[in-house]
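> Letter by letter, the chains look like this.
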Amino acid sequence: MDVVVSQIFTGLSTGSIMLLAATGLVLTFGQMGVINMAHGEFIMAGSYTAYVVQQATASAGASLLISLVLGFLVGGAMGVIIEITLLRHLYHRPLDTLLVTFGVGLVLQQVARDVFGAPAVNVRTPSWLSGSVEVLGAVVPRTRLFILVLALVCLAALAAALQYTALGRRTRAVMQSRDLAESSGISSRRVDLTTFFIGSGLAGVAGVALTLIGSTSSTVGQSYLINAFLVVVAGGLGQLRGALIAAFVLGLLQSFLEYSTTASVAQVLVFVVIVVFLQFRPQGLFSLKTRSLV
Amino acid sequence: MPRVRRRAVLPATAAVLGLVLTACGSRVGEDGAGAAPAESCVDTSGDSIKVGAINSLSGATAINETVIRDAIEFAVDEINADGGVLGKQLDLIAEDGASDPTVFAEKAEKLVTSDCVAAVFGGYTSASRKAMLPVFEDNGGLLYYGQQYEGLEDSSNIFYSGATTNQQIIPALDYLKEQGVTSLYLVGSDYVFPRTSNAIVKAYADANGIEIKGEDYLPLGATEFSTIVNKIRTADADAVFNVVVGDSLVAFFREFTAAGLTAADMPVMSMCLGEEEVAAVGVENVRDHLASWNYYQTLETPENTSFVEAFRAEYGADRVTSDPMESAYTGVHLWKAMVEKADSFDVADVQEAADGVSYDSPGGTVVVDGDNHHISKTARIGQIRADGQIVSVWESDGAIEPDPYLTTYDWAEGLAD
Numbered sequence: 036m037d038v039v040v041s042q043i044f045t046g047l048s049t050g051s052i053m054l055l056a057a058t059g060l061v062l063t064f065g066q067m068g069v070i071n072m073a074h075g076e077f078i079m080a081g082s083y084t085a086y087v088v089q090q091a092t093a094s095a096g097a098s099l100l101i102s103l104v105l106g107f108l109v110g111g112a113m114g115v116i117i118e119i120t121l122l123r124h125l126y127h128r129p130l131d132t133l134l135v136t137f138g139v140g141l142v143l144q145q146v147a148r149d150v151f152g153a154p155a156v157n158v159r160t161p162s163w164l165s166g167s168v169e170v171l172g173a174v175v176p177r178t179r180l181f182i183l184v185l186a187l188v189c190l191a192a193l194a195a196a197l198q199y200t201a202l203g204r205r206t207r208a209v210m211q212s213r214d215l216a217e218s219s220g221i222s223s224r225r226v227d228l229t230t231f232f233i234g235s236g237l238a239g240v241a242g243v244a245l246t247l248i249g250s251t252s253s254t255v256g257q258s259y260l261i262n263a264f265l266v267v268v269a270g271g272l273g274q275l276r277g278a279l280i281a282a283f284v285l286g287l288l289q290s291f292l293e294y295s296t297t298a299s300v301a302q303v304l305v306f307v308v309i310v311v312f313l314q315f316r317p318q319g320l321f322s323l324k325t326r327s328l329v
Numbered sequence: 010m011p012r013v014r015r016r017a018v019l020p021a022t023a024a025v026l027g028l029v030l031t032a033c034g035s036r037v038g039e040d041g042a043g044a045a046p047a048e049s050c051v052d053t054s055g056d057s058i059k060v061g062a063i064n065s066l067s068g069a070t071a072i073n074e075t076v077i078r079d080a081i082e083f084a085v086d087e088i089n090a091d092g093g094v095l096g097k098q099l100d101l102i103a104e105d106g107a108s109d110p111t112v113f114a115e116k117a118e119k120l121v122t123s124d125c126v127a128a129v130f131g132g133y134t135s136a137s138r139k140a141m142l143p144v145f146e147d148n149g150g151l152l153y154y155g156q157q158y159e160g161l162e163d164s165s166n167i168f169y170s171g172a173t174t175n176q177q178i179i180p181a182l183d184y185l186k187e188q189g190v191t192s193l194y195l196v197g198s199d200y201v202f203p204r205t206s207n208a209i210v211k212a213y214a215d216a217n218g219i220e221i222k223g224e225d226y227l228p229l230g231a232t233e234f235s236t237i238v239n240k241i242r243t244a245d246a247d248a249v250f251n252v253v254v255g256d257s258l259v260a261f262f263r264e265f266t267a268a269g270l271t272a273a274d275m276p277v278m279s280m281c282l283g284e285e286e287v288a289a290v291g292v293e294n295v296r297d298h299l300a301s302w303n304y305y306q307t308l309e310t311p312e313n314t315s316f317v318e319a320f321r322a323e324y325g326a327d328r329v330t331s332d333p334m335e336s337a338y339t340g341v342h343l344w345k346a347m348v349e350k351a352d353s354f355d356v357a358d359v360q361e362a363a364d365g366v367s368y369d370s371p372g373g374t375v376v377v378d379g380d381n382h383h384i385s386k387t388a389r390i391g392q393i394r395a396d397g398q399i400v401s402v403w404e405s406d407g408a409i410e411p412d413p414y415l416t417t418y419d420w421a422e423g424l425a426d
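Line by line, the protein sequences give chains A and B. Under this note's numbering, the first sequence has 80 at position 45, and the numbering climbs by one with no breaks. Under this note's numbering, the second sequence has 228 at position 219, and the numbering climbs by one with no breaks.
Read the hints as simulated data drawn from the structure, not as lab findings. Please read these numbers as outputs of a predicted model, since none were measured by experiment. Think of the CB as a built atom: it goes at the ideal place given N, C-alpha and C, for glycine as much as any other residue.
Computed footprint of chain B on chain A; a stretch qualifies when at least three of its residues, placed anywhere within it, have a C-beta under 8 Å from a C-beta of chain B:
no.	stretch
1	175–184
2	297–307
Not close to chain A: a few residues of chain B, all C-beta gaps over 12 Å, as computed:
no.	residue
3	D100
4	G189
5	A216
6	N217
7	D406
Next comes chain A alone, as it looks inside the complex (with noise of 0.2 Å):
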């Protein structure tokens, strides 16, 4: 019975993690529709940030806590930057936007590996998050629990913020209809870089917490990129429920197949199910309802 648990947990935790790298791409991919390929650099710049302010910091606590801000922080302002400078010239030219970022993240990879070296870093992990707690018999290690609980409030704060703020009405607005909502005064420039900004810094976080799991070096994003937009497309673009839901499900889905066979096919069979599932819903668990012909 314990291993059901575990496994329901360890599912659990696998989709918190798929949710908080892919709660950033839901702005930027589901709702700008910018297929940005260095969303997994902008989660390896929040992996370093904590690094390095953990080098900076003697508390491997504090250090944590303060990573999580300057994360979001870091991985925002390379959003802003790499929103300026290139992507504001090439929105609704999706492909290009695809080749440029990628070859953006190609650089940061090599700027990391310049600036860190090539061997992997490690962060510590603070003493109140070390050794486990035990659930229904499950054992439990606390750090991924903390994941699954920034995963949630990061989710929660994003939907709090897009339905009752007035910039989450604003980009809700430009998502929508840009037309219309420009036409009624909304600054769709401005709105753009910040959903940018939000969406990148929610990278960076993700960033932060991944430092938690195993250890840092300039290829960890790429490693999250994959599923991320497996989360985001299988839920629906720009659905936050719908990713939500995606990931917890493929988080689940991925544990007890992978307890039952082996990692490698539980990984294609996840991904048969996938294909499967888009074959009936091309659009996703949720769609937002327009009247656009589009």
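Start from chain A and add chain B according to the hints.
Relative to chain A, chain B alone:
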């Protein structure tokens, strides 16, 4: 994309190399004694002799190979300070293998046919060795490969100064069996070394009544170990046999420890966890677990004490010396001993003289087997101490003769096919 380009460049390079070949000085093989497939162009006329090193200083395995390069340079400097080889100073030409087997092969070809080096030291992954092997065989070069590997190979143009499977994997199993272990869980990264290694483990277990409770592989660099750790925990094996390598080790041991498993309830015997990896994983996550190597920095032999001392004086007091470094370092010294015994730099003479050449390495005296080009090595099981060092808790009864095809083990029949 770059690969396609490189291939296009190769014929042109070969053409240029042809010109360079004829431009070299006096030839070792000129008297016709050398039976090397291609005529050697090694220049032995001057006060110095060129040797080469290929290690990855960039890419995925740079973390492991940079320190190996240091050990090779250290050995070369040491030999030069001691008067060189046959009165000639060594001139080390160092190349970056860039963690890419294709690059390893290209650099090897450059070193052998264009720089005309007498020997090359380096190579890390089996893929890099397999890529370089035809280069050395076709051009009559010599490679000193200093890395424990999966065995099942013997090239007359390669000397293997790292452990083969019967000097690392089998001793680890012998030790576990001696400790009363009756069931094992196998976990590894998904590539040739862990797969081959676990095939040996399974054959051994089958013959020795050890139950294999499970076997799992994750891709290189994977970080999601929670399902595997769950499987391990519920399988309740006596010990874990671990062939996870590189960055994944961090994620594996963090998950293992976070799940509440300790070395006391379920020791993990690791094949690829050296002193550097312990530092990366964090000693709090691997304390008291086991490793199987031939050398640890903590060995208390006169050779090792002076090796560690001299290395640290040169490269910094915070540096560690690990098994892969020691094997590579030993490889350079073995080449020197072989050349001196042959009284010649010629590859054929060195091959001829190799059998029985010995060297007092930091890990103990090693002897070259002239038939399979491997060396005898003492196997040691180490336990990770609280300060991150690994101490030997068990040692094989003297040096173990190399047996890359496991022909002397009945239970291993058929494994080499």
